[in-house]
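Peer 1: Sequence lines, in order, name chains A and B. Numbers 1 to 344, taken from the working numbering, label the letters of the first sequence in order. Numbers 345 to 688, taken from the working numbering, label the letters of the second sequence in order.
I should point out that these hints are in silico values taken from the structure, not numbers from a laboratory. Treat each hint with caution, since some may be false.
Stated by the list, open to error - DEER-style ranges, computed between Cβ atoms:
(1) A:Q344 / B:K681: 33 to 39 angstroms
(2) B:S469 / A:G304: 51 to 57 angstroms
(3) B:R380 / A:K25: 40 to 46 angstroms
The beta carbon of each residue, even a glycine, is placed where N, CA and C say it ideally should be.
Number of protein chains: 2
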Amino acid sequence: MNLIHPVILCGGSGTRLWPRSRKAKPKPFLPLVGDRTLFEATLDRCSDAALFAAPLIVTGTAHLAHVEEQLAGFAEARIIVEPEAKNTAAAIALAAHRLPQDAVMLVCPSDHYIADVTAFAAAASAAATLAGEDWLVSFGITATAPETGFGYIRRGEQLAGGFRVESFVEKPDLARAMAFLSDGGYSWNGGIFAFRAGAFLAELAAHRPHIAASVAAAVGQGTELGRAFYPDPAAFGAIIGESVDYAVMENTARAAMVPVAMGWSDIGNWQALRDALPGDADGNRLSGRVEVLDCRNVLASSDGPRISVIGLTDVAVIVDGDDILVTTMAGAQLVGKLSGAANQ
Amino acid sequence: MNLIHPVILCGGSGTRLWPRSRKAKPKPFLPLVGDRTLFEATLDRCSDAALFAAPLIVTGTAHLAHVEEQLAGFAEARIIVEPEAKNTAAAIALAAHRLPQDAVMLVCPSDHYIADVTAFAAAASAAATLAGEDWLVSFGITATAPETGFGYIRRGEQLAGGFRVESFVEKPDLARAMAFLSDGGYSWNGGIFAFRAGAFLAELAAHRPHIAASVAAAVGQGTELGRAFYPDPAAFGAIIGESVDYAVMENTARAAMVPVAMGWSDIGNWQALRDALPGDADGNRLSGRVEVLDCRNVLASSDGPRISVIGLTDVAVIVDGDDILVTTMAGAQLVGKLSGAANQ
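Taking the hints into account, I'd like the entire structure generated from these sequences.
Peer 2: The following block contains the structure:
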């Protein structure tokens, strides 16, 4: 089989893991689970030379220094530096232009956690095979809870190694999420895709000609500098950003999915990180100088000062620099509303 | 009426308000409620020259610098510096020796909070009147909750301005505390006493001759240095320390009490401090850089870093130097068991 080209998206900066994640050092570049950062772990997952070609990173100037630093050991990696963020359709199109048109690209967010790397590689192979037949393939992540924060994929007829996509479903309310879970025919849309580069660009041109043309112009007038490529800012700046889901996946007639259970988490808030970390006998997840008494399922993490916690269950205590966050797991949804997170 | 001599006990160092209270700067010397420290507020309460003589402070070398610093404005105050802590019977006896024998002394802990200073002064007057008749008088603080952390005083027959003490009752369990509360005949023993100096020493000599003799020797061989008096260490060191309750109050035939409701708190743990502080509309008590979302009855206090709290009720978050304590109000009882508090 031809090698798969990993395309790693390193954009944006959220507020949901504030104060550990900050504009100056966002989530992908933090060692949230284990010793490797989420970005490094994403590179590691795609480093088997029997399966993967060298990675292509799509990032912005704000993150470039972190990307360069954490790319040590990936000498063959290349980087596309977006002049500004224009959402995923344009980012993926940039990468598709910079790859051989018959190459299969595997689009991976850089800020997710995947426990089972073997299952990931198997799904990547299956997705690449379908992509080689010009299917536009989504990873369909086995739903393990009635999550209301994710989009869902409804599977259709079986294909070799996967399924047609019956439909993409917007983030549901809790009742629908529970119905999806018991139905069994729905998977989470984790934002991992496999496309043949030429097939993706053809579908983008069909459904979003403006984005396709602007990206083509930005690439045509772009600049190479060592291993980095800089698209033309003026051409790229004209794009009206849109997600790949809206721009392409929901419109194409050739959407497929491969089901995969791989211990995936988007580490989308402190509760998700708590759940992704191994707990001690009381379910506590402690890092740094932390002492707990009579606590259960507490996440406590300090970058310096000593934390002492008594009597709490399902609470996160995060100490980072000059900030201390104490939140219930349910309250973790509100972190972005804190003035500290909003004005970081 | 003759002036009352305030005797302010400034000893010991607890662990229950760690990490704000530390060996190096214990509870009496912290501004826990309002701008004045508990020690300063104790001095302030006894500063009405129409009622009180200059205060006499009993403290140890470890606290002397704090006492001297916070005595600014009390030029007439005198200090007894204990060579070592020998509990309250000996401390009060030292003070009694240094006062005119017919003087009435009012023994006040320096680490309690009293909201209603007028009620305190009225009770002090009533207690002084009884003490002038050679009663050994305890303040009987109106019980407002079934506290299991305090001793209780059962009142007996009425006297002018107070009652005989029927009995002193050890810290009860919750069932007994609830029975005491509904009975109405029980008050909290807050450790505030009024004695005629000579009467106290006579009762001590009758019931604890060893302590009485050792204190007399320590005073006889002591040293004056400016406004400070240093008892002889060898004589004082021979004492087997005992509380005034055990050594004298439970043995004397002349124990009396004056009932008083004065918004008293021993600020005995973080819950007690929370309850002594005024709350905002949600019952939160916040000091320093603190933001809360969806919180009720939270105590949050920082000496520097910003605290952000989400979704919690009845929790304390205390930031002091290199330590961060997060505890439920119920868990506040366990603060002393933290290694940070034990090894401060």
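Peer 1: Please name the hints from earlier in the document that this structure breaks, with their numbers sorted from lowest to highest.
Peer 2: As far as the earlier hints go, not one is violated by this structure.
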